[in-house]
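Undergrad: All chains should be modelled from the sequences, with the hints used to inform the complete structure.
For the record, the sequence lines run as chains A and B. Per this note's numbering, the first sequence starts with residue 248, numbered consecutively. Per this note's numbering, the second sequence starts with residue 1175, numbered consecutively.
Bear in mind the hints are in silico, worked out from the structure with no lab data behind them. All clues given are correct.
For lysine-lysine, the following BS3-like pairs were computed, each having C-alpha atoms within a straight-line distance of at most 27 Å:
(1) K1311(B) <-> K1270(B)
(2) K1298(B) <-> K292(A)
(3) K1295(B) <-> K318(A)
(4) K468(A) <-> K1298(B)
(5) K1298(B) <-> K313(A)
(6) K1235(B) <-> K415(A)
(7) K1339(B) <-> K386(A)
(8) K289(A) <-> K464(A)
(9) K1235(B) <-> K477(A)
(10) K378(A) <-> K1311(B)
Some chain A residues near chain B, calculated using beta-carbon distances under 7 Å:
(11) S323
(12) Y324
(13) L344
(14) T352
(15) M355
(16) A368
(17) D416
(18) T417
(19) P423
(20) V475
From the three backbone atoms N, C-alpha and C, an ideal C-beta is built for every residue, glycine too.
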Amino acid sequence: MKKIFDNAEQALADIPDGSTIMLGGFGLCGIPENGIAALVKKGTKELTCISNNAGVDDFGIGLLLKQHQVKKMISSYVGENAEFERQLLSGELEVELIPQGTLATRCMAAGYGMPAIFTPAGVGTEVAEGKEVRNFNGKDYLLEYAFDADFALVKAWKGDTQGNLIFKDTARNFNPLMAMAAKITIAEVEELVPVGELDPNQVHTAGVYVQRIFEGKNYEKRIEQLTVRKK
Amino acid sequence: MALDKFQIAQRIARELQDGFYVNLGIGIPTLVANYIPEGMEVVLQSENGLLGMGPFPEEGKEDADLINAGKQTITTLPGSAFFDSAMSFGMIRSGKINLTVLGAMEVSQDGDIANWKIPGKMVKGMGGAMDLVASAKNIIVAMMHTNPKGESKLLPECSLPLTGKRCVKKIVTELAVLEIKDGAFHLLERAPGVSVEEIKEKTAGKLTVEGQIPEMIF
Chain A
248 MKKIFDNAEQ
258 ALADIPDGST
268 IMLGGFGLCG
278 IPENGIAALV
288 KKGTKELTCI
298 SNNAGVDDFG
308 IGLLLKQHQV
318 KKMISSYVGE
328 NAEFERQLLS
338 GELEVELIPQ
348 GTLATRCMAA
358 GYGMPAIFTP
368 AGVGTEVAEG
378 KEVRNFNGKD
388 YLLEYAFDAD
398 FALVKAWKGD
408 TQGNLIFKDT
418 ARNFNPLMAM
428 AAKITIAEVE
438 ELVPVGELDP
448 NQVHTAGVYV
458 QRIFEGKNYE
468 KRIEQLTVRK
478 K
Chain B
1175 MALDKFQIAQ
1185 RIARELQDGF
1195 YVNLGIGIPT
1205 LVANYIPEGM
1215 EVVLQSENGL
1225 LGMGPFPEEG
1235 KEDADLINAG
1245 KQTITTLPGS
1255 AFFDSAMSFG
1265 MIRSGKINLT
1275 VLGAMEVSQD
1285 GDIANWKIPG
1295 KMVKGMGGAM
1305 DLVASAKNII
1315 VAMMHTNPKG
1325 ESKLLPECSL
1335 PLTGKRCVKK
1345 IVTELAVLEI
1355 KDGAFHLLER
1365 APGVSVEEIK
1375 EKTAGKLTVE
1385 GQIPEMIF
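TA: See below:
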């Protein structure tokens, strides 16, 4: 099937400068490591990145920031990245901070073909500035628009050659939402299996949403906050 | 004696009820999980996509794919469920989560909360806090009564950018338990040995004190 690519370099080859790209993941959990590495290697510039977080200084989206490939970040929380903070305060980087649920639901709306949503998150705060407020049943809601992204880079645990995806644990997070939301979704999976091997009952993202798929390699899966208890 | 952070968490745990679904924020709120009363069924939600959050993993059993909203490695419990971020905030928005506990930099006597930004100093983002405070039916703030400079964090009006308006119902600090209603902080309980006078002195917003205020017992 035409959806299958050998690696990230091939799958991402045509992403032009100035693209709006969604990147799945929460913190460093479930991020498209291979796709990010390919973008760094390719040197694609002037990117608008929609992602819950901005990685850390030397991993995840932090790698793109370091190379000054990002023009604008749309995120909910960017706390773990000193380079990000520096670029933000110096004005090199444009940043739009939005509530996490709003971020998720604006992805969802795009994937469901709905132009906008109403959410109470941010009412009465600076997030509401310039936005339409509507009252439903006595409570105020903000109108928020569906995202319009050119590409989504998502990471799944398993995928098949038709693009059906299964995510693992909390590495699911924004991945299935972004997979549904972009014009072209590029999924990287830890294990690419022949069609028919995934149980249809267990599929999280139907292949119709996935335009390109490849098996990723050398996953580092870095842990941000290692917390354990003694045996 | 003012409460330590563990006692603040212990006091908040007394607000839990059997069958509650609870979202605990980062910091002191996370500690509340250690004081869920024996025999009580409380399910913890982590907004990155998990219901039924368990304790930290044993050394060597950590899994990078299994973290909480504070990005810490965690475990699941029997009955856990994973979901995507939209569903996670869906259950928050639609009122299925019974209690939210979070930290704050400032709370106003009207229940406004500020906890995400200090202009010119700290811009980390609101994460899920704005969604949580806008929708949760029951919000408890766990915080210190004063900031490191000794200034009250319980104010007539918040000075920092707001996270949400008129949403906080209860506050537990190292000095007191207070309820917010009718535009005032109502003193419900005081920490062992802490006087009403001290609480008055450290509360900049309107404080209502009715009758004898009981001491918390630990």
